[in-house]
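Student: Below are the chains, spelled out letter by letter.
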Amino acid sequence: MKHNKLYDTLFLAPGFLVYIIFMIIPVIMCFLYSFTNWDGISASFRFIGLKNFVNLFQDASFFQALKVTLIIMVLTTLIYNILGIILAALLNDTGKLLGFSRSAIFIPTVLSAVVVAFIWSYVMQTNGGVINAIIEMFGGTKVDFYATPMTTIFMISGIICWNSLGFFVVIYISTLTTIPQEIYEACKVDGAGWFYRFFHITLPLLAPGITINCILSVAGGLKQYDHVKVITGGGPGGATQTVTLFGVEKAFEYNRRGYSSAAIIILFIIIVIFSIVQLAISKKHEVEY
Amino acid sequence: MKRIITLLMAVILVLGMFAGGAVAETAKSKIVFCVNIQPQLPVEYWQSIADAYMAYNPSVEVEIIGQPSSNVDVFQYEKTLLATGQFPDVMVMQNPADFVPSGALLAFDEGELDYLLDPNIGKIDGVQYVANYKKQVIGVFYNKDIFAANGLEVPQTYQAFLDVCEALKAKEILPVSIGIKDGWPQIMLANMLAGTDLLANDTSWGIQRNADTVKFNNPQLVKAMEKYQYICQNYAGDSLPSITYTQMLEQFFTGKAAMLPMGSWVNAEVAKAEQEFEVGWFPMPGDDNANVLSVFVNEGLSISAMTKYPDVCKDFVKFFFADKALYSDFLKGEQLFSTTKESVPYEMIPLRKYIEEAIAGMQEVEGFESMTGDAAFLPGLKDYYTNKLTQNIAIGNDVATELDNFDKEWDIAKEALN
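Those protein sequence lines, which keep their order, are chains B and C.
In this text, residue positions in the first sequence follow the working numbering: the first is 1431, and each later residue adds one.
In this text, residue positions in the second sequence follow the working numbering: the first is 505, and each later residue adds one.
Because the hints were derived from the structure by calculation, they are not lab data.
Quick reminder that beta carbons are idealized off the backbone N, C-alpha and C, glycines included.
Be a bit skeptical, because a hint or two may be false.
[Unchecked claim] Some chain C residues judged to face chain B by a derived CB distance under 7 Å, without partners named:
1. 578
2. 580
3. 586
4. 587
5. 588
6. 590
7. 809
8. 818
9. 826
10. 837
11. 883
12. 892
13. 895
14. 900
15. 902
[Stated by the list, open to error] Using 20 Å as the maximum straight-line C-alpha spacing, the simulated SDA-like pairs for lysine to any residue come out as follows:
16. B/1659 - C/664
17. C/760 - B/1488
18. B/1659 - C/760
19. C/918 - B/1696
20. C/673 - B/1494
21. B/1659 - C/828
22. C/912 - B/1491
23. B/1572 - C/677
24. C/760 - B/1563
25. B/1659 - C/677
26. C/918 - B/1552
27. B/1481 - B/1501
28. C/912 - B/1504
29. C/912 - B/1476
30. C/828 - C/846
31. B/1481 - C/846
32. B/1481 - C/920
33. B/1659 - C/918
34. C/912 - B/1494
35. C/828 - C/849
36. B/1659 - C/749
37. B/1572 - C/846
38. C/760 - B/1557
39. B/1481 - C/749
40. C/760 - B/1489
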């Protein structure tokens, strides 16, 4: 069949148009608004240069939100990837319960983040929560998961991971299936044990999967909104607020759309920098066979 | 040729239908009414108002819209509508101060709201933008059975209130049901204390704050917030950050907690009569007496300055109050207090009747964060008060530092307006 550039363009156009309207234009507008004093509702606004960015760097609540965002990002990235690789290695085998185990790990990923966060926020309640009810049933002392901002952030990170871990495991399993069995067999013949094989064959050859999972988990962690919104709403007193929550709050409750846009642009830049650095590091460690 | 003629005729027919539709459309004035959908006031209730008005004025079509989700505040939804050029013609309005600077609201002329008991309430720079449709009072609901069983009296001073709390705590009964997870329920207690210790002594304090002649970090407000913190830290249980509004109600109505500081809308819960005890009510006492009442009068109906039909909209607003059956249904849902000169009777529960009698003669002050008109908080500060200030104080942060931060937020909000 003859390759026709016109057809290529026609078939690409709808998707590309949607992408431009809903992704590119909003990003450009957000960038422009970040240099304005727009309140989000008035018909007019004026350009104020870098004032929003200067104010942001003097705003303690923005740095608090940035800190929370980075903590959640680090925790979720570690859990997704360490636990993800372990589970993928365990599930990339044969066994009676393999299908069930794979399904059990993947099912939470199809559930809505809002629903998951809502359910878990009740499960983790200090008074009346299922976990504490079980602890007390066995004579233990109840745990206050909301005791401090840090325990709450740990709890939120755990819930996020429960919700999405399956997705990362699937990527690792699919990467594992691309590793030729001959390499393992040759290694076994040479007398290598499970750990040696894991660290010297599996892990290096998993690099492409690690690259994509790290980029996705870092970007996902930095964009975190829905779980935190439902579980704590950013509270108490903004102690668990992420940058996205900060941006939405400033835009829709404080009528400071320009300021909010500046915060989101900074987050955008951070995500881009992280992704570039990750790609550069990961590419170095990818092994070809 | 035949095909072309048939096609042309079809096109003409379709265009004719559209043209006819357009004529029919222009014959009716269509207004969009943005409502606040709540459990007691579902969309069906608001639709009944629209239907009644359309029956009363057949030349008008009223379309009802409401916030898309229960976790979206109607005033935030309205901001989104305004930003996207879809601002409704008539709307439920809670924060006019957020909208007035952008010129989004139509002013009511002098005398136009004379059917209201106080048409001047909430004026901004001497102009009225809201037809206030309800008054709610804040107080402390209490479990009469627990009080009676422990020989406790309704407290008349703040110290007596603490004594009651201490006595309940000694009996291992949770004295006060408070939670900060949802962000807003805790402000009821904070508002009442700010009312007794600050606003009751200086009714123009909000206006002075907006003129920047006073600060949030002042001895009266520090005292009020320290009282609030003391109660939260000592008498509200050990899981303040994880308690939602629903759980606060559950703690009180199942008899686990003896007192619930909340707005008069709790009467709607009392009316369900699911509790196995008698519910009482008292105003939060100050140092010397229990004579100050915090009230919410910050909600009503507003009209868009961009509406094509300002007269129709004003007539619609008037109709809302004039149709006694509809207005009384509105009040009955939450056992509210009417704002019209003419009284609007509806079926009240005994507690609601009691509250009406009890508050007669009390000094009324507006809910601290919901002050109206020229005293209203600058955009964003209401949210800061609910989601930051009162939460941080409740979990034990230093009161003066938090109020200092609130003053800094005021500076930022003021600068953003300029």
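Student: All the hints need checking, so say for each whether the structure fits it.
Tutor: Hint check results:
no.: 1; hint: 578; in the structure: 12 Å, violated
no.: 2; hint: 580; in the structure: 5 Å, holds
no.: 3; hint: 586; in the structure: 5 Å, holds
no.: 4; hint: 587; in the structure: 5 Å, holds
no.: 5; hint: 588; in the structure: 10 Å, violated
no.: 6; hint: 590; in the structure: 12 Å, violated
no.: 7; hint: 809; in the structure: 11 Å, violated
no.: 8; hint: 818; in the structure: 23 Å, violated
no.: 9; hint: 826; in the structure: 31 Å, violated
no.: 10; hint: 837; in the structure: 26 Å, violated
no.: 11; hint: 883; in the structure: 4 Å, holds
no.: 12; hint: 892; in the structure: 5 Å, holds
no.: 13; hint: 895; in the structure: 4 Å, holds
no.: 14; hint: 900; in the structure: 10 Å, violated
no.: 15; hint: 902; in the structure: 12 Å, violated
no.: 16; hint: B/1659 - C/664; in the structure: 39 Å, violated
no.: 17; hint: C/760 - B/1488; in the structure: 45 Å, violated
no.: 18; hint: B/1659 - C/760; in the structure: 28 Å, violated
no.: 19; hint: C/918 - B/1696; in the structure: 24 Å, violated
no.: 20; hint: C/673 - B/1494; in the structure: 36 Å, violated
no.: 21; hint: B/1659 - C/828; in the structure: 41 Å, violated
no.: 22; hint: C/912 - B/1491; in the structure: 12 Å, holds
no.: 23; hint: B/1572 - C/677; in the structure: 19 Å, holds
no.: 24; hint: C/760 - B/1563; in the structure: 17 Å, holds
no.: 25; hint: B/1659 - C/677; in the structure: 32 Å, violated
no.: 26; hint: C/918 - B/1552; in the structure: 39 Å, violated
no.: 27; hint: B/1481 - B/1501; in the structure: 28 Å, violated
no.: 28; hint: C/912 - B/1504; in the structure: 32 Å, violated
no.: 29; hint: C/912 - B/1476; in the structure: 24 Å, violated
no.: 30; hint: C/828 - C/846; in the structure: 10 Å, holds
no.: 31; hint: B/1481 - C/846; in the structure: 53 Å, violated
no.: 32; hint: B/1481 - C/920; in the structure: 11 Å, holds
no.: 33; hint: B/1659 - C/918; in the structure: 27 Å, violated
no.: 34; hint: C/912 - B/1494; in the structure: 16 Å, holds
no.: 35; hint: C/828 - C/849; in the structure: 9 Å, holds
no.: 36; hint: B/1659 - C/749; in the structure: 16 Å, holds
no.: 37; hint: B/1572 - C/846; in the structure: 55 Å, violated
no.: 38; hint: C/760 - B/1557; in the structure: 12 Å, holds
no.: 39; hint: B/1481 - C/749; in the structure: 39 Å, violated
no.: 40; hint: C/760 - B/1489; in the structure: 41 Å, violated
Figure legend: structure checked against the earlier numbered hints; hints not met, in rising order: 1, 5, 6, 7, 8, 9, 10, 14, 15, 16, 17, 18, 19, 20, 21, 25, 26, 27, 28, 29, 31, 33, 37, 39 and 40.
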